[in-house]
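Participant: All the letters of the sequence shown, read from the start, carry residue numbers 1 to 231 under full-length UniProt numbering.
A hint or two may mislead.
Dumping the calculated EDC-like pairs for lysine to aspartate or glutamate here, alpha-carbon to alpha-carbon at most 20 Å [claimed, not checked]:
no., residue 1, residue 2
1, LYS90, ASP68
2, LYS39, ASP24
3, LYS29, GLU94
4, LYS29, ASP124
5, LYS90, ASP104
6, LYS21, ASP118
7, LYS127, ASP113
8, LYS98, GLU42
9, LYS46, GLU36
10, LYS135, ASP118
11, LYS49, ASP104
12, LYS39, GLU94
13, LYS66, ASP104
14, LYS39, GLU75
15, LYS66, GLU36
16, LYS48, ASP24
17, LYS91, ASP68
18, LYS214, GLU43
Have a look at the derived ranges for each label pair, beta carbon to beta carbon [as the list claims (entries may be wrong)]:
no., residue 1, residue 2, range
19, VAL20, GLU43, 30 to 38 Å
20, ASP166, ASP24, 25 to 33 Å
21, SER169, ALA117, 35 to 43 Å
22, LYS21, GLY144, 24 to 32 Å
23, SER169, SER8, 38 to 46 Å
24, SER169, ARG63, 20 to 28 Å
Honestly, the hints are just simulated from the structure, not real lab data. Don't be surprised by glycine CBs; every beta carbon is placed ideally from N, CA and C.
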Amino acid sequence: MALIQGGSYIPLYGTDSMPVKVADFHIDKYPVTNAEFVKFLEENPKWKKENVIALYADGNYLRHFKDDSNLKEGELQKAPMTNVSWFAAKKYCECQGKRLPTLDEWEYVGMADEKKADARTKDDYNKFILSWYEKPNSYNQEVGSTFKNYWGVYDMHGLVWEWTHDFNSVLISGESRKDVDGGNSLFCGGAAVGSSDLMNYAAFMRYAFRGSVKANYSIRTLGFRCAKSIK
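Take the sequences, apply the hints, and build the full model.
Facilitator: In structure tokens form, the structure reads like this:
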């Protein structure tokens with residue numbers, strides 16, 4: 001795991017540009033891989049596909065697996081684990097003595113490039129993120145395929161989207177990020193929230209995606225990594 005020195009940052013949803021504080025924590029350097037999840041299934045058979053009820057995972061759960069122990073042909077052992085529900089990802093992390101990162105922890109680490117803890121104002125960095133959003137099938141690559149960021153963490157951008165503990169806690173609507181309404185879909189403000197700003201647009205895409213999914217969804221482009229609080 002990588003040690004992340006806490007601080008504060010202003011997220012896309014920050015009301016009146018109020019900074020959000022993030023405490024020191026640890027986060028996995030890489031997303032959880034297919035091979036690591038197979039080991040979890042062996043040790044926790046109740047999370048095998050045949051045993052998981054629809055409440056905890058939809059029909060796409062483990063879809064790229066031939067069975068609970070074997071991947072389909074062409075799938076890589078060290079590729080990030082996807083087609084996994086929030087419930088299963090959360091349980092995996094708990095079994096490692098860890099947890100899913102919060103949305104703010106993930107965004108705080110994700111705003112770093114190779115040299116800066118906050119690279120969000122750099123056009124080339126945001127263009128890299130947006131160009132990845134347009135690429136299909138980036139999920140079937142080995143973890144560590146992208147750059148090592150300022151914190152020593154890989155693949156925050158470039159392979160898969162990732163679950164966070166509070167993935168659907170931020171829902172934005174209306175014409176301003178000051179207008180925060182938990183009852184509406186984040187997609188409602190899609191044309192208005194910083195669409196001319198690459199930094200805001202890249203972040204908005206993530207918030208919109210998170211706000212559109214449910215905890216039992218298993219999506220081919222959605223993986224996860226674990227975090228750990230510092231006591």
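Participant: Would you check the hint for LYS98 and GLU42, treating anything up to 20 Å between C-alpha atoms as holding?
Facilitator: 19 Å, holds
Participant: Take a quick look at whether LYS214 and GLU43 sit within 20 Å of each other, Cα to Cα.
Facilitator: 26 Å, violated
Participant: With the threshold set at 20 Å, check whether the alpha-carbon distance from LYS29 to GLU94 stays at or below it.
Facilitator: 17 Å, holds
Participant: Take a quick look at whether LYS127 and ASP113 sit within 20 Å of each other, Cα to Cα.
Facilitator: 12 Å, holds
Participant: Can the restraint linking LYS39 and GLU94 be considered satisfied, given a maximum Cα separation of 20 Å?
Facilitator: 14 Å, holds
Participant: When you check the alpha-carbon spacing of LYS66 and GLU36, does it fall within 20 Å?
Facilitator: Holds, at about 16 Å.
Participant: Between LYS90 and ASP68, is the straight-line Cα distance small enough, at 20 Å or below?
Facilitator: 18 Å, holds
Participant: For the pair supplied as a hint, LYS91 and ASP68, is the alpha-carbon distance within the 20 Å limit?
Facilitator: Since the Cα atoms of LYS91 and ASP68 sit roughly 16 Å apart, the hinted pair holds (cutoff 20 Å).
Participant: Are the Cα positions of LYS66 and ASP104 separated by 20 Å at most?
Facilitator: 35 Å, violated
Participant: For the pair supplied as a hint, LYS90 and ASP104, is the alpha-carbon distance within the 20 Å limit?
Facilitator: 17 Å, holds
Participant: Holds or violated: are the alpha carbons of LYS49 and ASP104 at most 20 Å from each other?
Facilitator: It is violated: about 31 Å lies between the C-alpha atoms, which goes past 20 Å.
Participant: Could you grab the alpha-carbon distance between LYS46 and GLU36 and see if it respects the 20 Å cut-off?
Facilitator: Measuring from Cα to Cα gives roughly 16 Å; hence the hint holds.
In summary, the structure is inconsistent with hints 2, 4, 10, 11, 13, 16, 18, 20, 21, 23 from the numbered list given earlier, while agreeing with the others.
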